[in-house]
Amino acid sequence: MALSGMRGLSVFISDIRNCQNKEQERLRVDKELGNVRTRFKNEKGLTPYEKKKYVWKMLYIYMLGYDVDFGHMEAVSLISAPKYPEKQVGYIVTSCLLNENHDFLRLAINTVRNDIIGRNETFQCLALTMVGNIGGREFAESLAPDVQKLLISSSCRPLVRKKAALCLLRLYRKNPDVVNVDGWSDRMAQLLDERDLGVLTSSMSLLVALVSNNHDAYWSCLPKCVKILERLARNQDVPQEYTYYGIPTPWLQVKTMRALQYFPTIEDPNTRRSLFEVLQRILMGTDVVKNVNKNNASHAVLFEALALVMHLDAEKEMMSQCVALLGKFIAVREPNIRYLGLENMTRMLMVSDVQDIIKRHQAQIITSLKDPDISIRRRALDLLYGMCDVSNAKDIVEELLQYLSSADFAMREELSLKAAILAEKFAPDLSWYVDVILQLIDKAGDFVSDDIWFRVVQFVTNNEDLQPYAAAKAREYLDKPAIHETMVKVSAYLLGEYSHLLARRPGCSPKEIFGIIHEKLPTVSTSTVPILLSTYAKILMHTQPSDPELQNQIWAIFSKYESCIDVEIQQRAVEYFALSRKGAALMDILAEMPKFPERQSSLLKKAEDAEVDTAEQSAIKLRAQQQTSNALVVTDQRPANGTPHVGQLGLVMVPSSANADHNLEDQGLAQENGTLSKVDPQSPSPSADLLGDLLGPLAIEGPPGAAAPTEQHAIPASEGDPNPADALALAPVDEQTNSVQPIGNIAERFNALCLKDSGVLYEDPNIQIGIKAEWRAHHGRLVLFLGNKNTSSLASVQALILPPSHLKMELSLVPETIPPRAQVQCPLEVMNLRPSRDVAVLDFSYKFGTSSVNVKLRLPAVLNKFLHPIAVTAEEFFPQWRSLSGPPLKLQEVVRGVRPMLLLEMANLFNSLRLMVCPGLDPNANNLVASTTFYSESTRAMLCLVRIETDPADRTQLRMTVSSGDPTLTFELKEFIKEQLVSIPTATRPPAPQVAQPTSAATSLTDPGAMLAGLL
Amino acid sequence: MIRAVIVMNTQGKPRLTKFYDYMPPEKQQELIRRVFGVLCSRAENVSNFVEADSVFGPDTRLVYKHYATLYFVFIFDSSENELAMLDLIQVLVETLDKCFKNVCELDIVFNYSKLHTILDEIIFGGQVLETSSAEVMKAVEEISRLETASNTITLVPKSISGWRS
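From first to last, the protein sequence lines are chains E and C. All residue numbers for the first sequence refer to the UniProt record's numbering, where the first residue is 1 and numbers rise by one. All residue numbers for the second sequence refer to the UniProt record's numbering, where the first residue is 1 and numbers rise by one.
Be aware that a few hints might be false.
To be verified - Examples of chain C residues toward chain E, derived with CB under 10 Å:
id: 1; residue: Val63
id: 2; residue: His116
id: 3; residue: Ala149
Stated by the list, open to error - Taking lysine-lysine pairs in the DSBU-like style, the calculated list, with each CA pair at most 30 Å apart, reads:
id: 4; chain 1: C; residue 1: Lys65; chain 2: E; residue 2: Lys328
id: 5; chain 1: E; residue 1: Lys22; chain 2: C; residue 2: Lys13
id: 6; chain 1: C; residue 1: Lys65; chain 2: E; residue 2: Lys22
id: 7; chain 1: C; residue 1: Lys101; chain 2: C; residue 2: Lys65
id: 8; chain 1: C; residue 1: Lys101; chain 2: E; residue 2: Lys290
id: 9; chain 1: C; residue 1: Lys27; chain 2: E; residue 2: Lys174
id: 10; chain 1: E; residue 1: Lys370; chain 2: C; residue 2: Lys65
The set of hints was computed from the structure by calculation and includes no laboratory data. Only a predicted model underlies this, so the values are computations on that prediction, with no experimental measurement involved. By construction, the Cβ of each residue, glycine as well, lies at the ideal position given by its N, Cα and C atoms.
Just chain E, same shape as in the assembly:
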C-alpha cells in the first residue's frame, strides 16, 4: 500500500500522535513543513518516491487543519509521473488541495486529457475522479466531449463508464452553459437499458441532473425508469453483491424515484398503473424489523416512495394510506423512522388536502415534542406549527407554552416565536391571544423578541373591548415577585394607557398601580425607564381629581431624572415634568394612543422570509410553491399610502389623521404657558424616540412590493396563461371605485372552484372568503367562510344571494360585524330545480374604516356540480344511445376554436367535470365517450351521454354529440361542455399547469399513436 511503503510518513504520524498538546503538535508540524519546503527547493535531488512521500505528508498536515501554502506545484507535477503510485498521489492530493480556479490546474489539463483519452483504464479512472471532484470550468471546456465519449463507449469497462457518467454530471452541474447536452435524450434512454447496476446507478444520477433542468427533453426516459423500478422491486436479475441487507440496491431505487419526481405528471395510463403497483407494493411490503441497517435501507426506499406518491397526487385513498403509514412511523421505537415520519408528515401538509387525517395523530406528535432526541423534537415542532389551524390552535399553542418551560435553550427562541405566530394567526378570540403572549413573556422573556410585545400592544390599542382585560392581566403579572423586564415594559405600557379603566377594582387605584410599577424601576435597564416615565405621566393625567401626594411623588421622580445621563430619559423627564404642570391641558396631549393602521405582522413577515429558500429545490418544494395557500393568513398587500410617518406615532397623542391645525393648537398651548418650547410631536427629537422605536419595526414596512413575496410569486404563476374566461368573468361592479383591491384573480378562483369543492372565492387585504361545498343529488350545501384578516372589526357586513331562477338558495344569517381576526361560517343551502347554465351571484359588502367595499362574486354552484359520474358498459350504452335518436333529445354540433389539447387532457378535463370517460366504448381511438347522471328536481336523476369526435389533423375543432332524456338538459349540457372546451380553466391540473401543457403537446408531436393507443 502506498503508505505502508513509506516509513518516514508513518514515523511522522506516530510523532504527531505522541504529541501531548496542541502546541507540541504545532511545533512538530512546523518542523516537518520546514523540512519538506527545503527538500522541494532543491527539487533536482528528489526521487519520485520522495516527492510522493512529502506530498502525502502535506495532505496529512492539511487535514489536521494547517495551511499548506506551498508544494502545490509538486503535487500537480506528480500527475505526469509515469508510474501508477506517484500519479495516484498526484491526482488525489491535487483534488484535495486545489480549488477549481487554481492556476496550476491549467498546467495539468494536457496530462489529464491524455490520461482520459489514453488506453490505460486505471489512468482514466484517476483522471476522471480528479476532474469530477474539482469540476472546474476549464476542465469542462476542454474535457467534456471526451468524457461523453467514454460514457457511451461500448469498449470501456463499467468501472470507467460509471465514473464518466458522474464526471459528466459534475461538469454539467457546475457549468451547464459549457457542457452541451443537446440530443442527449436518446443516449440517456439507451443508458437506462444498461444491465450493470453500478453504471445504471451513475446514469440515473446523471438523469436526475438533466431532468431537473429540463424534463421536457427526457420524456422517453420516464417509462424506462418505471421499468427499472419494477425490476428492482420484484428483485429480478439483481446480483448478490447489489443486494443490501436483502434489499435490491436501495440507492438505485431511491434515485429512480427521485428522477420520476422531476416529471410534472405521468400521462400514459399504463405506465402510471405499473408505477402505482410498484409503489403500492413498497408501501405495503415494508415492516420494521430488528436489524437497524435493514430498517434504514428498506425505509429509505419507502420514504422515497411516499415522496413520489405525494408528488403524483395519487387518489385520496393512497394518500390516506400514506398518512396512516406515517402515523405508524411516528410511534415506532426506531428514532430515525420517527424523525422521518414527522418530517414527511410536515411535507405532506404542503402538498395535499389531508390535514384532517393528520390531525388524528396530534396526540402522538405532541408526545414527540418530549422525545429525548432534539432532532426529533425540532421536527415535531415544525409539524405542529404546520398543522395548526383555527380548530386546534388552542390545544397546540397551550402545549407549546407548557413545553416552553422545559425546552432546551437552543429551541426556546424558535418555540416562542412559533407560539406567538400561531396565537396571532389562529386566535379564536383576542383575550386568549393576550393571555398567550403574556404567558410567553412570563415563561421565556429572554427569548421573546420585541416584535412580539409590540404586536400585542398594537392589538390591544386597536380593540377597545380588549383594553380592560389586557390591563387587568398586566396588573396580575405585576404581583408576581420576579418578572422579566419585557413583562415590565408591556405591563407598564398597558397600565399607563388603560389602567383608568380598572379604577374601581381592588388594588387598581392610580396610587396602587403607580406603586407596584415603581417598585420595578430599580431593577430595569435604561431602555425601560423611558417607558415607565411615560406610564407615570399617563397615570398622573388620569388621576382626577388629582392626588397631591401622588403628584409630588411623580414629580420628584421626574426631577430626579432631569439630570440623567441618558438623553432619552432626560428629555422625557423634563418634558413630562413641564407638561404635567399644565393641569387639564395635559389631557389633550397625553390622551390614549390612536389606533394603529392595519399592517402585516412583522412576525409573520419574518416567518415568511425564513421560508424563502434559495437553495436548490427539490421537486416537492417547487410544487408547494406553485400551490397557493388556502389558509386564512394575513398577508397584507396594503399600498404604501397606508403607511404613516413614524413621527406621527410619537408618544403624545395626535389624532390619527394628524392635521396641521391640531398641531398648531398644541404648539400654541405650549407657547402660551411659556414653559416649554418644544413639544411638537411632529418633529421627533434627534435621539430615537423610544416609543418611536416601539412602533418603528411595525411602522416601517419594507417597500410594498416586498410585503408578500410568496403571494406575488403565486399570482403571475397562475396568470401566465391568457385565459379567455377572463372576458366572461363577472367583474366586481364597484371595483374601480373601491380603494380596496382584490388579491388574486377572481375569475380564476371561480374557475378553480367549479372543478373542486373547497378553496378561496375572494380575497382582499381585509377579508378572505373561502368556500367549502358538498353535493348530494340535486341538493348542495355550501359553507362560506368569512375571515377578517385585520386587528379591528369589519362593519356593515352584508351578503345577498342573487339566485338564478333554476336554483333555490337559502343563506343563513350573516352577522353584521366580523370581529378582528375572526372567521364566520355561513351555511348556504342550494337546491337545483332544473337544468340551466345560469350562475348564482353573491353580492357582498362591508365597511372597513372609511372605505366601503362591494363585490359581486359568482358562486360555484354550476351545472356540473349536480352531475354524478357513472360508468356504463357497452351493453348499457349503445341501446340508450340509439333510443335517443335525434333532436331535441340528442344534439350534435361541430365546435370550432377549441383550445388544442391532447385527448388525454380532454379526458382528464371531462373527469374533473364529473363526466366519466368510458374508455373502450368507441372503437375509434380519436373519439371519447363519457357518461354521467344529472340531478334536478324537475328531471330527477337523468342519464346523460356525451361523445366527442376529434380530428387528429386539426385539434381546434371537434364534433360533439350530447344526449339525455330531457331536451333542456341536453341543450344546456352541450353548451356547458362547449364553454369548457373553448376556454379551459387553468386549474385543471394544479401542479404547474402551464408547464404541463406544452409538454404534452410536444409528446403528442413525437408519438401521437403511442399516446392514443395507451388511452384506448
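Since chain E is already given, all that's left is putting chain C on it; use the hints.
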C-alpha cells in the same frame, strides 16, 4: 449532492475529511469543530440526523454514525435521501472492515491514503458512485496490485498498530 465527508474520532480529531465543494482550510476546521460540538453532546440511541442548517447553511442535512471511537459524518443537500446516506456510511464502514479485518481507528490513522482510495471508489464528485462493497473491494485490490507491481520497496505489514503502546 454530498457536500462533505468527515471521519473524526470521539475527541474531535479529524481522521479523514473530504469537501466536494472547495472550502478554505480554516473554514473546514471551523466546520469540523462545530460538527463535533453538536455530535459529542448527543446521547446514544437517538436518531442519526442532526439539524445542519446553522452550520452549513440552508438546505443541508447531516447524518452520522458512531462506531467505537469514530464518528462518520456525511453532509448533503435535499436532493439526497437521508436514510440512503446512512446506508452509504454503512457501506463505507463495511468496506473498511473487509479491507482491514476489523477496522479500528489506528488502521485509519496510518492508512489514510488507502481511505482516500476507498472513498473515491464510493463517492465521486459528491455523487454516489458505487454501493456494492464487493465492487469497491475489487477496484481497491486492483489498485493495490498496481502499486505493488511498481513498488520495489518492501512492504511493512499491517500490524503497524502494534507500534504504539
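Each hint, compared with the structure:
no.	hint	verdict
1	Val63	holds (9 Å)
2	His116	holds (5 Å)
3	Ala149	holds (8 Å)
4	C:Lys65 / E:Lys328	holds (25 Å)
5	E:Lys22 / C:Lys13	holds (11 Å)
6	C:Lys65 / E:Lys22	holds (27 Å)
7	C:Lys101 / C:Lys65	holds (19 Å)
8	C:Lys101 / E:Lys290	holds (25 Å)
9	C:Lys27 / E:Lys174	holds (21 Å)
10	E:Lys370 / C:Lys65	holds (23 Å)
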